[in-house]
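Those protein sequences? They're chains W and V, same order as listed. Going left to right, the first sequence walks through residues 1 to 325 as full-length UniProt numbering numbers them. Going left to right, the second sequence walks through residues 1 to 325 as full-length UniProt numbering numbers them.
These aren't lab readings, by the way, just hints derived from the structure by calculation. Quick caveat: nothing in here was measured; it's all calculated off a predicted structure. Backbone N, C-alpha and C fix where the C-beta goes; we use that ideal spot for every residue, glycine too. Warning: the hint list may mix true and false statements.
Unchecked claim - Just some of the chain V residues that point at chain W, by a computed CB distance under 7 Å:
(1) Arg305
(2) Thr306
(3) Pro310
Stated by the list, open to error - Calculated Cβ distances over 12 Å to all of chain W for the following chain V residues:
(4) Gly41
(5) Ala61
(6) Leu88
(7) Pro128
(8) Glu129
Unchecked claim - Simulated DEER-style distance windows between Cβ atoms:
(9) Arg13(W) / Glu266(V): 40 to 48 Å
(10) Glu104(V) / Ser227(W): 56 to 64 Å
(11) Leu146(V) / Gly57(W): 45 to 53 Å
(12) Thr315(W) / Arg217(V): 43 to 51 Å
(13) Leu250(W) / Tyr125(V): 21 to 29 Å
(14) Glu104(V) / Thr308(W): 33 to 41 Å
Number of protein chains: 2
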Amino acid sequence: MVDVAREAGVALRTVSRVVNQDSTVGPELVQRVRAAIADLGYRPDERARHLRLGVTGTLGAAVRQLSHVNPVLRAVERAARAADLMVLAASTEDDENLERHVVESMCRRRFDGIVLEPIGDDHGYLVPELAAGLSLVAVDRPVLGLDVDCVLSDNRSGIEKAYRHLVRHGHDRIAYIGDDERIYTARERAMAFRGCVAAHGGPLDTMLHTGQVESGRIREAVRAALSGAAPATAIVTGNAQLSVEVLRHLGADAVDVALIGFDDSELATLLRPDLTVVAQDTDAIGSTAIDMLRARIADPATEVRTVTVPVELITRGSGEIPPAT
Amino acid sequence: MVDVAREAGVALRTVSRVVNQDSTVGPELVQRVRAAIADLGYRPDERARHLRLGVTGTLGAAVRQLSHVNPVLRAVERAARAADLMVLAASTEDDENLERHVVESMCRRRFDGIVLEPIGDDHGYLVPELAAGLSLVAVDRPVLGLDVDCVLSDNRSGIEKAYRHLVRHGHDRIAYIGDDERIYTARERAMAFRGCVAAHGGPLDTMLHTGQVESGRIREAVRAALSGAAPATAIVTGNAQLSVEVLRHLGADAVDVALIGFDDSELATLLRPDLTVVAQDTDAIGSTAIDMLRARIADPATEVRTVTVPVELITRGSGEIPPAT
Numbered sequence: 001m002v003d004v005a006r007e008a009g010v011a012l013r014t015v016s017r018v019v020n021q022d023s024t025v026g027p028e029l030v031q032r033v034r035a036a037i038a039d040l041g042y043r044p045d046e047r048a049r050h051l052r053l054g055v056t057g058t059l060g061a062a063v064r065q066l067s068h069v070n071p072v073l074r075a076v077e078r079a080a081r082a083a084d085l086m087v088l089a090a091s092t093e094d095d096e097n098l099e100r101h102v103v104e105s106m107c108r109r110r111f112d113g114i115v116l117e118p119i120g121d122d123h124g125y126l127v128p129e130l131a132a133g134l135s136l137v138a139v140d141r142p143v144l145g146l147d148v149d150c151v152l153s154d155n156r157s158g159i160e161k162a163y164r165h166l167v168r169h170g171h172d173r174i175a176y177i178g179d180d181e182r183i184y185t186a187r188e189r190a191m192a193f194r195g196c197v198a199a200h201g202g203p204l205d206t207m208l209h210t211g212q213v214e215s216g217r218i219r220e221a222v223r224a225a226l227s228g229a230a231p232a233t234a235i236v237t238g239n240a241q242l243s244v245e246v247l248r249h250l251g252a253d254a255v256d257v258a259l260i261g262f263d264d265s266e267l268a269t270l271l272r273p274d275l276t277v278v279a280q281d282t283d284a285i286g287s288t289a290i291d292m293l294r295a296r297i298a299d300p301a302t303e304v305r306t307v308t309v310p311v312e313l314i315t316r317g318s319g320e321i322p323p324a325t
Numbered sequence: 001m002v003d004v005a006r007e008a009g010v011a012l013r014t015v016s017r018v019v020n021q022d023s024t025v026g027p028e029l030v031q032r033v034r035a036a037i038a039d040l041g042y043r044p045d046e047r048a049r050h051l052r053l054g055v056t057g058t059l060g061a062a063v064r065q066l067s068h069v070n071p072v073l074r075a076v077e078r079a080a081r082a083a084d085l086m087v088l089a090a091s092t093e094d095d096e097n098l099e100r101h102v103v104e105s106m107c108r109r110r111f112d113g114i115v116l117e118p119i120g121d122d123h124g125y126l127v128p129e130l131a132a133g134l135s136l137v138a139v140d141r142p143v144l145g146l147d148v149d150c151v152l153s154d155n156r157s158g159i160e161k162a163y164r165h166l167v168r169h170g171h172d173r174i175a176y177i178g179d180d181e182r183i184y185t186a187r188e189r190a191m192a193f194r195g196c197v198a199a200h201g202g203p204l205d206t207m208l209h210t211g212q213v214e215s216g217r218i219r220e221a222v223r224a225a226l227s228g229a230a231p232a233t234a235i236v237t238g239n240a241q242l243s244v245e246v247l248r249h250l251g252a253d254a255v256d257v258a259l260i261g262f263d264d265s266e267l268a269t270l271l272r273p274d275l276t277v278v279a280q281d282t283d284a285i286g287s288t289a290i291d292m293l294r295a296r297i298a299d300p301a302t303e304v305r306t307v308t309v310p311v312e313l314i315t316r317g318s319g320e321i322p323p324a325t
């Protein structure tokens, strides 16, 4: 900027005012400064401006995995863009250490706020960041033990809807193949399933299968659910990826075993029969998250809230298959 | 930091040396400074450190869409993480203006380098950034008109492999349903297809269908390809999303029409018949991009290169369906 001022023959302060679009600078001076900027190839460094203004116009998003279908992240991006905010996102790979590294990096860059899909039970590292003024909203899962804004799906009601639907279609041996219970949503969904089985009086040991989304584990779970003296006639899955894997291992059995998947996907209407799903309202989750984050950025004293977004059962065929006789 | 120095009763310089893990500070002083940092809740601002050191340990990735399956971005993240670099990514939505906004924002934040999936023909806005030292590597598509490192798939060879494979299985009326030719890869693939048809002597007008990935447009393309006096007996698609849409509109015809999709996906082995694909080596693309970017960051005078990564035809059933008689 010193070079620009010298080249334009103006005061350093004038260069600064032109760069920051101060309307009090006369047009002749503006033009001289702009010409000098172009001649010298001067590139403003946004970080210095951010340091001065205290805002960056940027939100961070720390999510499970960037390069995977993530309709909540899509809705977050859309809502942020509508508010003229840029989202810079990073993957946490559902690894506690990586989450901490990503979130702390975003804090040190002074992003205006962070949308976090939290993993793990210990978020103690957030305490000093929150005390220092971090604006944070958790999506999909809460930040356990800390008072943080949060947008969740109604996981419990989703599983109950699926279970009731299958019972209504004549099933009484319904298996659940879910995600790793280290993850909050997986835990909530498995817990809701346990509640359904307890209320309905079925056997739990051969019907509940949770663990990592890993093809071999899921093959085993499908095999275990469909074998034995009283095999399952219906399966509920814990997320869209699990639906894919369960279908893969069901193979030709897919037309005989009823299936309801948690989470809708473009895949769901490609299959024969099309997949009945518990659909999350991902648009509502994303836009609610951005609304809450903006409210918190605008007023750090805003009351902390947890918003639970309803889910919807969409019947398409696979969940309406009657029990094999 | 001034407050920390006062609280610890040390010089400001000592606080700075402790924060930056300078090993020449004695353990007693380190402990006093750390205690003062904890008491005062001091949070280091990474941006000031970045300004001083001139590096950020961060790469930007500006890609078509974050919240979609993107195995190249996944490989980019993995390779960057192995080199202790964090990737902060943003979507360009294949919108020229948004790409410019995202890339310029990353430049102003002085990310160490940027991985870009470029859209559009005019990247003039990059000229001053490159002149100012931006390290950039383009993936999937080149930055047309500028001398920029680039990692591409062998699009031409992929289409030729698919076409030859279908001809070998008895087809001579092969349709292509591709993406918008505004996009480099779509243009390359369509061009390669035109070359195949020219060499083979078939009709082009009813066989080549390119445009936006939009369900209605694709339904029309499928209908047009399969109707008329000489309907297509085989279809090649331009990307994985198109494969999904084409399958959706083929419906029951999917067992009679041969299909080869550009791009592999988890979906490909879920279908009946499983999908024959032209698979890109996304791992190689991602890790090559990071290698090239790191080389350029280390030495800005490194010669600019374009690396073309081979593709592979994977036969699974759908591409081996004989022509309906």
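Item checked: Hints violated by the structure (listed by number, smallest first) -> Per hint list: 1, 2, 3, 4, 5, 6, 7, 8, 9, 11, 12, 13 violated.
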